[in-house]
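For chain A, the structure is supplied; the task is to place chain B on it using the hints.
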Amino acid sequence: GAVVSQHPSWVICKSGTSVKIECRSLDFQATTMFWYRQFPKQSLMLMATSNEGSKATYEQGVEKDKFLINHASLTLSTLTVTSAHPEDSSFYICSATVITGGYGYTFGSGTRLTVV
Amino acid sequence: GENVEQHPSTLSVQEGDSAVIKCTYSDSASNYFPWYKQELGKRPQLIIDIRSNVGEKKDQRIAVTLNKTAKHFSLHITETQPEDSAVYFCAASKGGGSQGNLIFGKGTKLSVKP
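In order, the protein sequences belong to chains A and B.
All residue numbers for the first sequence refer to this note's numbering, where the first residue is 1 and numbers rise by one.
All residue numbers for the second sequence refer to this note's numbering, where the first residue is 1 and numbers rise by one.
Hints listed in this document are in silico derivations from the structure and should not be mistaken for laboratory results.
For every residue, glycine included, the Cβ atom is placed at its ideal position computed from N, Cα and C.
Just so you know, nobody snuck in bad clues.
20 Å max Cα-Cα, derived EDC-like pairs, lysine to aspartate or glutamate: (1) B/K94 to A/E59; (2) B/K113 to B/E83; (3) B/K37 to B/D59; (4) A/K64 to A/D88; (5) A/K14 to A/D65; (6) A/K41 to B/E39; (7) B/K106 to A/E59; (8) A/K41 to B/D84; (9) B/K109 to B/E15; (10) B/K42 to A/D88; (11) B/K94 to B/E5; (12) B/K37 to B/E15; (13) B/K113 to B/E79; (14) B/K109 to B/E5; (15) B/K42 to A/E22; (16) B/K42 to B/D84; (17) B/K113 to B/D17; (18) A/K41 to B/E5.
With the C-beta cut set under 8 Å, the calculated list includes, among others, these residues of chain A facing chain B: (19) F34; (20) L46; (21) S109.
Label pairs and their in silico Cβ distance ranges: (22) B/S28 to A/Q60: 20 to 30 Å; (23) B/E79 to A/E87: 36 to 46 Å; (24) A/G16 to B/T10: 36 to 46 Å; (25) A/G1 to B/I62: 18 to 28 Å; (26) B/P8 to A/D65: 37 to 47 Å; (27) A/R112 to B/P8: 25 to 35 Å; (28) B/K71 to A/V116: 39 to 49 Å.
Next up, chain A with everything else stripped away, as it sits in the complex (with noise of 0.2 Å):
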């Protein structure tokens, strides 16, 4: 089945500096990609939607200088959070749809961010 890498699953750093967390399609072409962010007990929410060679479509409320993504090829997605501060720290998370349409979603392993 269609699979997501995400990296890394964990991740902590000092408040002030950037991360970024990469998402892979190892076995499909993602046309889209869409990112998530879960506090704790707290459901997933949808931050943006990439789409492969264009610009991201950003949530309400959704940073795009703070939160930036980059949709360059068919098999990967980066989203680094920039200038991250305390509370930043969450679990992102990536979903994917193939380039064929349908129904599928594949969802990364997500990566938990600490700033610190």
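Here is chain B on its own, set in the frame of chain A:
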């Protein structure tokens, strides 16, 4: 945009009993409704899904029903087991591709007591 409401937020049942989780959605264009089970710190795991052209779908102890007119869908788990304990999320989507972002409900923490 789409808004998905999920109830209850917590549910405790005895082993062997049934559990029902209900969700409503707001966008009549939504046509795909998956249910996910998520264990702490892990990715959501798809347990069952239903499309808008179907009213009910069953997979062993798990079933989902959809009422398009009322815009609500429900998850039914029968003969619950302790390993069913987890957080369950419903979601709605207009389908795959750029129109198909999944919008999640707030989740239900299910506890199955032995």
